[in-house]
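Peer 1: As they're listed, the protein sequences go chains Y and X.
Heads up: the first sequence is residues 51 to 245, going by the numbering used here.
Heads up: the second sequence is residues 3 to 201, going by the numbering used here.
Source of the hints: derived by calculation from the structure; they are not laboratory data.
Heads up, the beta-carbon is just placed ideally off N, CA and C, and yes, glycines get one too.
Every clue listed holds true.
Some chain Y residues flagged as far from chain X (calculated, every beta-carbon gap over 12 Å): (1) 56; (2) 87; (3) 106; (4) 115; (5) 144; (6) 182.
What follows is a set of in silico ranges between Cβ atoms, one per label pair, in the way DEER data are often shown: (7) 119/X - 237/Y: 33 to 41 Å; (8) 11/X - 177/Y: 33 to 41 Å; (9) 88/X - 115/Y: 21 to 29 Å; (10) 196/X - 177/Y: 37 to 45 Å; (11) 93/X - 221/Y: 32 to 40 Å; (12) 210/Y - 119/X: 25 to 33 Å; (13) 237/Y - 84/X: 34 to 42 Å.
Here chain X is said to cover these stretches of chain Y; the calculated rule only asks that three of the stretch's residues, wherever they fall, bring their Cβ under 8 Å from a Cβ of chain X: (14) 63-73; (15) 77-86; (16) 121-129; (17) 173-180; (18) 213-220.
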Amino acid sequence: MTITQILSLAISAILIENFVLVKFLGICPFLGVSKKSDTAVGMGVAVTFVMTVASAVTYLVDHFMLRPLGLEYLQTISFILVIAALVQIVEMVMQKTLPALHKSLGIYLPLITTNCAVLGAALLNAQNDYTFIASVVYGLAAGLGFMLAIVLFANVRERLEFADYPKAFEGFPIALVTAALISLAFMGFNGMKIF
Amino acid sequence: MKKILKAILEGAITNNPSFVLLLGMCPLLAVSTSVPNGLGMGIAATVVLTCSNIVISLLRKIIPNEIRIAAYIVVIASFVTMVNMLLEAFLPDLHSNLGIFIPLIVVNCIILARAEAYASKNGVWDSALDGIGIGLGFTGALFIVSTIREILGNGTFCGYHILGENFPAATLMVLPVGGFLTLGFVIAFINYIRNKKGV
Chain Y
51 MTITQILSLA
61 ISAILIENFV
71 LVKFLGICPF
81 LGVSKKSDTA
91 VGMGVAVTFV
101 MTVASAVTYL
111 VDHFMLRPLG
121 LEYLQTISFI
131 LVIAALVQIV
141 EMVMQKTLPA
151 LHKSLGIYLP
161 LITTNCAVLG
171 AALLNAQNDY
181 TFIASVVYGL
191 AAGLGFMLAI
201 VLFANVRERL
211 EFADYPKAFE
221 GFPIALVTAA
231 LISLAFMGFN
241 GMKIF
Chain X
3 MKKILKAILE
13 GAITNNPSFV
23 LLLGMCPLLA
33 VSTSVPNGLG
43 MGIAATVVLT
53 CSNIVISLLR
63 KIIPNEIRIA
73 AYIVVIASFV
83 TMVNMLLEAF
93 LPDLHSNLGI
103 FIPLIVVNCI
113 ILARAEAYAS
123 KNGVWDSALD
133 GIGIGLGFTG
143 ALFIVSTIRE
153 ILGNGTFCGY
163 HILGENFPAA
173 TLMVLPVGGF
183 LTLGFVIAFI
193 NYIRNKKGV
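The following block holds chain X by itself, in its conformation from the complex (with noise of 0.2 Å):
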């Protein structure tokens, strides 16, 4: 057990794929206007990178290296259409609302990043855990990022007006800037944190 909560987390924060190792950038600027949307989006990912993590492992030695990305691209390929077609099924609303970005996860780096330098080596066990810690992590980099455009830009918090009807909202916030702005201070105030540390 103790070994399960030490692959997750070493996933979820000290290799934080959105805050420290940079990767998936659009999706998080993209989705994170609002906190449903974003946790939509980190859930959809989390649940895509699992399932390729697990597959492309089980194939590890199956597969070719010369051909190998486009089997993993093909392998994410098909989760994401799956995933795409649960949510239009069950979720309409936050399937029309994410739009283009579902379909877009397959070019999600994350996710490949994961196939390429972890499943493809690892154990089934370990890569599950792996994927479910990458993914808890850029969920939780969605859910920070979201949260603080969503209160900024509209006064709310997943659709309550947690700061009173007379909040004077930063639309800014909501707009693409407001994207680019709140991961580029984010980002530096975990360097800050991590400058001090020494780290």
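So that you can see chain Y by itself, here it is in the shape it has in the complex (with noise of 0.2 Å):
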């Protein structure tokens, strides 16, 4: 693959396609660890660093162990318990040594096992047999979309909050129809093509 290929692989995966709001991967932390733009920040770095390290692995594990035996039907299982043990890591080491972001994303940190879009990244790498750079950078690019939409997410929510809006709506709904005008703005990178 050449750089200029590489290049708008990543472009894509950050703007034209975004996990979030084109995809519809990761949504369950996009809508629930974006009411502060902080935690927003710190979050959306724990799953870029989840995702890129998970494309490597999941990369070589498929490759090197998958393929050669035959076993690509055991893709699922064996990228989950990869993601789910780099999920684990992430947290022992986070908690040694950035203890206030460790306590702040709480309960959502474990939760990253569960976020699709890293197990999505690492499926679509598999499906669209992506070489070791190119799933590298298409997990870290993917990972820096979905930081992208929550933290531009999480500043519009925080300014909802003295919003004036009908008492239905008040909480998921109104998030909900915000991220459906955000979706609304990325469209509009759709008609961009790249080289």
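Since each chain comes alone in its own frame, lean on the hints to assemble the complex.
Peer 2: See the structure below:
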């Protein structure tokens, strides 16, 4: 793969095919951890890190263990176990080095395991037969796309606290309508064609 | 019989996973572009949920507490792999429409949440009923959202033009935007009714 192809893959994963707003992957943390912008940044960083490492490790597992043995049908099970182990490691490291961030992410940190964006990136890499470098770049870019979406969304939500809207929309519904508007804005990137 | 019905209705309506517990949003938004896709997803998830609830309930005294989540995920992933292979063999069209969202049933929070909150504490029979009830609730939610989106976005229901060929379809509704918007309005409507009833 040339540099241009890799670059266009990255840009497309961040903007045009944004994981959250276009592919609907990782909606739970997107709606759950976006009440404050600083926790949203922390969550974005943690997810990006896990996604990048998970893309690399699942590529190795897929190409050096599953494919030579003809066990492709075990992809889902083995990938989810790899991701669960990785999240556990990230949690332990963060607890030692960044206790404040660890505390504010709380329950959502172990829940990265069940973030469908992480497993989704691993499965898409395997499905599209990306090379090792392309897989890592795709994981990183998809994570950055997630971070961009969640940080934008958290900032809008912070302002919404003082807004006046019908009582029935309180909480989740207004968040979904906001997400729809951000998603509409991201559709503007759709016509963008790179190289 | 009455007890069975009550357990199922509780899962499907009072504890509706999508509209009340607000779990499992990704597949609800992603595959609700047409009614057949939505129903296919709902049924696949119901099968996985019921089977994994039964197995986890059977194993609840054997699985050590410390590694229970990993054990649940392995059980769920095994059933998802089976469903994935069955769909690929017998319903290839649905399989290619749902795409990556079939393997992603593994990380559907509804299934893990029911394993943790219900199946790990209750008997096999009750857990199976809970799985069916919650699964039907999820399928119902998918049916409602996908009906709204398919009719407004395409003018069709299950592929049939029910509003005439010249219906001015709002393509926006089958795009990602429509998913967020429809779900927001449906939940707001349910909140409105609940507020009015004073629940």
